[in-house]
Amino acid sequence: MSADNGGHGPMVDNPWRQQLVTLRGDLLKEMHELRALLKGPCADVGQGETWVGPAADAWHAEAEGRRTDILAQLGRLVPLVDAEIRTCPEQVTLGEAKSLRIDLLQS
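Under this note's numbering, the first residue of the sequence shown is numbered 6, with each subsequent residue one higher.
Check before you lean on any hint, since a few could be wrong.
Here are the simulated lysine to any residue pairs, SDA-like style, with alpha carbons at most 25 angstroms apart [what the hints assert, rightly or not]:
1. K103 x W56
2. K103 x G30
3. K44 x W56
4. K103 x K44
5. K44 x R81
6. K103 x K34
7. K34 x I90
8. K34 x K44
9. K44 x A88
10. K44 x I90
11. K44 x I107
Hints were generated in silico from the structure; no laboratory data involved.
Computed from a prediction, not measured in an experiment: that's the story for all the values here.
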């Protein structure tokens with residue numbers, strides 16, 4: 006876990022990178038849950054299952070559009086988080102890690 010990096014002190018895992026990796030996993034989990042959660046109501050309403058008629062069709066169209074939009078927006082976040090993860094070093098000095106932890110606590 007810790008190593009010497011040529012006189013700069015011991016190296017430890019980068020807490021900022023760890024938080025980004027956690028965020029990425031949470032986003033993927035939420036996308037999976039939302040996809041399944043919103044699919045049922047969108048399929049039931051407006052297609053003759055639980056509610057029929059023009060109002061049901063309008064509700065279905067709006068709900069399906071919002072479902073698609075939410076999933077698309079979440080899908081655009083994952084590559085942004087991936088890009089940020091790639092810019093973060095896996096390990097930082099102990100002093101940098103302490104500073105990053107303080108920054109994480111303040112935000």
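These are the hints, each one checked on the structure:
1. Taken as a hint, the K103 and W56 pair is broken in the structure, with Cα atoms around 56 angstroms apart against an allowance of 25 angstroms.
2. Between the alpha carbons of K103 and G30 the distance comes to roughly 24 angstroms, so the proposed pair stays at or under 25 angstroms and holds.
3. Distance restraint check for K44 and W56: the Cα-Cα separation of roughly 15 angstroms lies within the 25 angstroms cut-off, and the hinted pair is therefore satisfied.
4. Taken as a hint, the K103 and K44 pair is broken in the structure, with Cα atoms around 44 angstroms apart against an allowance of 25 angstroms.
5. Distance restraint check for K44 and R81: the Cα-Cα separation of roughly 20 angstroms lies within the 25 angstroms cut-off, and the hinted pair is therefore satisfied.
6. For the suggested pair K103 and K34, the alpha carbons sit about 29 angstroms apart, so the restraint of at most 25 angstroms is broken.
7. Between K34 and I90, the direct Cα distance comes to roughly 18 angstroms. Compliance with the 25 angstroms bound is thereby established for this hinted pair.
8. About 16 angstroms separates the Cα atoms of K34 and K44, which keeps this hinted pair within 25 angstroms; it holds.
9. The suggested pairing of K44 with A88 is violated, with an alpha-carbon distance near 30 angstroms, which exceeds 25 angstroms.
10. The hinted pair formed by K44 and I90 fails the criterion: a straight-line CA distance of about 31 angstroms is larger than 25 angstroms.
11. Restraint check for K44 and I107: the C-alpha separation of about 41 angstroms exceeds 25 angstroms, so the hint is violated.
This entry does not satisfy hints 1, 4, 6, 9, 10, 11, going by the numbered hints stated previously.
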